[in-house]
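Residue numbers (the working numbering), protein chains in the order written: chain A, 1 to 248; chain B, 1001 to 1219; chain C, 2001 to 2666.
In case anyone wonders, no lab produced these hints; they're calculated from the structure. Backbone N, C-alpha and C fix where the C-beta goes; we use that ideal spot for every residue, glycine too. Do not take every clue at face value.
Unchecked claim - Taking beta-carbon pairs under 10 Å as the criterion, some of the chain A residues facing chain C (in silico):
(1) Lys16
(2) Met19
(3) Tyr22
(4) Pro51
(5) Ala53
(6) His56
(7) Gln125
(8) Ala126
(9) Asp140
(10) Asn142
(11) Cys160
(12) Leu242
To be verified - Taking lysine to aspartate or glutamate and the DMTMM-like style, the derived pairs with C-alpha atoms no more than 25 Å apart in a straight line are:
(13) Lys2570(C) - Asp150(A)
(14) Lys2159(C) - Asp93(A)
(15) Lys2666(C) - Glu2285(C)
As the list claims (entries may be wrong) - Chain B regions said to be covered by chain A (calculated; three or more residues, Cβ under 8 Å):
(16) 1059-1069
(17) 1083-1096
(18) 1099-1109
(19) 1196-1206
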Amino acid sequence: MKLTLKIWRQANAQAKGKMETYQLEEVSPDMSFLEMMDVLNEQLIEQGIDPVAFDHDCREGICGMCSMFINGEAHGPDRLVTTCQLHMRKFKDGDTITIEPFRAKAFPVIKDLTVDRSSFDRIQQAGGFVSVNTSGNTQDANAIPIDKHDADKAFDAATCIGCGACVATCKNASAMLFVSAKVSQYALLPQGKVEATDRVLNMVNQMDEEGFGNCTNTGACEVECPKGISLENIARMNREYLHASLKG
Amino acid sequence: MTLIASSIGRKFAMALSGLFLVIFLTQHFAINITSVFSAALFNELSHFMGNNPLVQFVFQPILILGVLFHFTLGFLLEIKNAQSRNVKYKTYRGAANAPWVSRNMILSGAVILSFLGLHFYDFWVPEMNYKYIEVLPLNSERYFEELIHKFESPVRVGIYALSFVFLSLHLYHGFSSSFQSVGLNNSYTKALKTFTVAFSIVIPVGFVFIALFHHLTAF
Amino acid sequence: MALDSKIPQGSLADKWTTHKSNINLVSPANKRLIDVIVVGTGLAGASASATLAELGYNVKTFCFQDSPRRAHSIAAQGGINAAKNYQGDGDSTYRLFYDTIKGGDYRSREANVYRLAEVSANIIDQCVAQGVPFARDYGGLLDNRSFGGVLVSRTFYAKGQTGQQLLLGAYSAMNRQIGRGKIKMYNRHEMMDLVVVEGKARGIIARNLVSGELERHSAHAVVIASGGYGNVFFLSTNAMGSNVSAAWKIHKKGAHFANPCFTQIHPTCIPVSGEHQSKLTLMSESLRNDGRIWVPKNLEDVKAIREGRLKPTEIKEEDRDYYLERRYPAFGNLVPRDVASRAAKERCDEGYGVNKTGEAVYLDFASAIERYGKEQAHVKGLDTEDSALVKKLGQDVIRAKYGNLFQMYEKIVDQNPYETPMMIYPAVHYTMGGVWVDYNLMTSIPGCYAIGEANFSDHGANRLGASALMQGLADGYFVLPYTIGDYLSNDIRTGSIDTNLPEFEKAEAAVKAQLEAFVSNKGTHTVDYYHRKLGKIMWDKCGMSRNAKGLKEAITEIKALREDFYKNVKVPGTTTDFNPELAKAGRVADFLELGELFAKDALERNESCGGHFREESQTPEGEALRDDENFTFVSAWEYKGDPSQAKLHKEALNYQEIEVKTRSYK
């Protein structure tokens, strides 16, 4: 396959970026998207051009590090995959592919396609935990039975990999799917209920301070989420938040 | 007041004011449709609405505030949301993952708002003028006549119909979405969604039907 | 320096309790005066950081990823073992201990493994308290499953994402401490060197990967939790960024490196599809419960398949070689990982590999589909002779069991595994070897600790499934926080360490010089070029089976490659900006040294044990042959200026509780 790549190049956070065009010959359809990027970078290094900086690590769709906006969609045209699990057979010979970083005010660009998602960490630090010290015998693990239905839902919410595709794809750059997944995981479990009020208030407050936009229920996040996190979580967070606000 | 300052608080406020307007719309439709089959009933109801002190001095201001609140907050949120992505994408395929209506509420909202301007100019301003400025004598028979008169112009009926198309689009996303905003997403959601979709088609079509009916039967 | 493993006296079952009661503690008021550096945020690093911060120490934690949550522990699929005996099937601390020692082919340290089994139950309690969503049954209690090599169900799991859920639990505990200001988190920072002052670990030189700045960080103790070194093979199931550098830097500063040649090669991974391959993806071991592994019997069929003239489904039953069932009738397709991997290699080496690279075997679900389908048809009272119906019913059963894995396979390979057999091949997965530590998890540098996969202590020559997560969390939550206090109790009057000491200056200057040398080198080949070459040498000569000749060649070739690397590597960009290629160059430089020591260690250990198979040491049937008389020891290598000069120290392994036996799966 021959491809034309239009890639966002930006030297650093302060620099003004722009799209650059590169030609790539001999791309195998069996390559993953990131392997195609590896080939491009080897080519650029050999030509004496600065390679494209992009985030990636596990390359099996679980670490949440890869983050490319491909042809106008977070993680590209395939569904329920991260960029690293997207394969070139999804494209055709002669295609032009545009690649941009995940864009949001709260995700400033570091270089090229690499963005700073530490706002997600700060939201978690505001309350995404259960306050329990390490003792190993707080309570026997089977002391509190948990309804399988709730446990499964908590698990589904917990599958979020924190990649930020929800923010990237949302027309408002809203982080509600991400935040609600964490709020939901704990709200559904008895261990998390104790601190539920403070958790949702603090996490939402931090989310607002980071400069994410507001949710307008377009549902784009759910479609683009590589782990299929449900919008139901956002409704649950709204409920939890109202309840917590009224409680005081 | 962290509630109203927060993103979720505002979302909640948008949803509640929207739901309130939906209730008003239903009530408005219920009265208007009577004009199709009974001029007398329509006149009677209109007269009641226009002269009952509770409606005039309590409900009407609340409604006006509700409308002002809904669109002001809507515009403010749109500005805030636009700022949340300060550098825009070169290529953005919104259609790949969300329906057009949900992404363009501000557009359908703006069309509805300008229609409201026209509507106020057509009905509300003359009404206020009649009652409170010129203080003309009470006449419980005049409403039907005025209504017929307004729908004589095909241009006006056209604008009217077009505006209701946008209202339909606005409702199509807004009505069901307001339940999600207030935290309702459960096993009833599917049924609720069907109902709101039906509502968002039936009510605007009904309004257009009333307009066309009077336009075509006036001669 | 002689090796002292500092194993406490007393009976095996009492050692840990007695030790905890006797070691020195640091008072809460004094903990505030003590700084600890943790490098790495996988299960071990994150759990240690959180726990040390809760205790009151000032913790500085470093990770090279953009968030601590991305560490590669996140990719673990299957589960975590714990001797809870919730299933009432006879599990106990002793049984978990015994299975782990035996699984490790009698090359691990008894006291450490016993302690691991002892604290395993606490891990589950701790994680549940944190809100980790483990799988539950309809009664609301925790569910367990069974894993290879054991006779009980002791594996706790969260679908196929156990690693992620446990890591997010530890990450959440860290977040709580970051929020309290007790952990200072340094994301996108890489440890470049250890700083040793007066013989003690007193800090690190770190590089801010975004700005390129070098930073000096001091502490009273340094904990290395940087994971394993499987990426020395270039292709492995490790993350792209997984590296040996932190462990290698401390090795060069005096920490012994133990058993570097002990590597686990996992039999069921998706094969390499071409030259462009950057990493390999694991398919869960559980697939071997229902899949049958085979290659064609006739080389003509192999040729026809490779050329696309023949489909695997067209090969008749009698023309297939179910080689595991043939060689190991008792265990069949369920032999341990090392045995299954070697058998696949043996067939492919003989030319029976079934893909275009010749390195793949079939994992076939057709008979399982038929078996389940017939069973379902029978249960539902339908026609068991209707082959289309039987196939559909059988596929539904397989889908319910392995649906997500089949989908992942289809995404990567673009073949439907319900219709045609999967292709699999072994891949490097885990490294049992690592930094040598004593019972307290301290390396041979005072004040420098190594935990999790980075150390060597618990898995011997082969690790059992679902034990890596257990060890990482045991070290981080329940072992290190106790043992480190014993050492730090001597540091309560020390005060904070000055980063202007000459040792810091010297270490920083050396790091700076190397970085400058990389970017100013006018080379011709990229870093990946060298990494691929190294990987090929490692895989061909230090892979699933090893011999003296190949290992000697590997040593020479790696040395030559390393020299070429320093001469001809091309690293773009500068040292003062975000430069992923530069970071990669540093890591590959360390792999090029480790690789040589790896081969040297493999050459030295002239026996076959666990994942280490020496062709010279096998039974007449070609099975691994251990040499207990000469090799029941840990090889701990001391750095002497060059990998070839490394000095071997032997830590004898004494088995008091366990009788050393031969494993057999016939």
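Quick rundown of the hints versus the structure:
no. : hint                    : result
1   : Lys16                   : 16 Å, violated
2   : Met19                   : 19 Å, violated
3   : Tyr22                   : 15 Å, violated
4   : Pro51                   : 6 Å, holds
5   : Ala53                   : 6 Å, holds
6   : His56                   : 6 Å, holds
7   : Gln125                  : 4 Å, holds
8   : Ala126                  : 7 Å, holds
9   : Asp140                  : 6 Å, holds
10  : Asn142                  : 5 Å, holds
11  : Cys160                  : 9 Å, holds
12  : Leu242                  : 22 Å, violated
13  : Lys2570(C) - Asp150(A)  : 54 Å, violated
14  : Lys2159(C) - Asp93(A)   : 38 Å, violated
15  : Lys2666(C) - Glu2285(C) : 20 Å, holds
16  : 1059-1069               : violated (count 0)
17  : 1083-1096               : holds (count 13)
18  : 1099-1109               : holds (count 4)
19  : 1196-1206               : violated (count 0)
The structure fails to meet hints 1, 2, 3, 12, 13, 14, 16, 19 from the earlier list, while all remaining hints are met.
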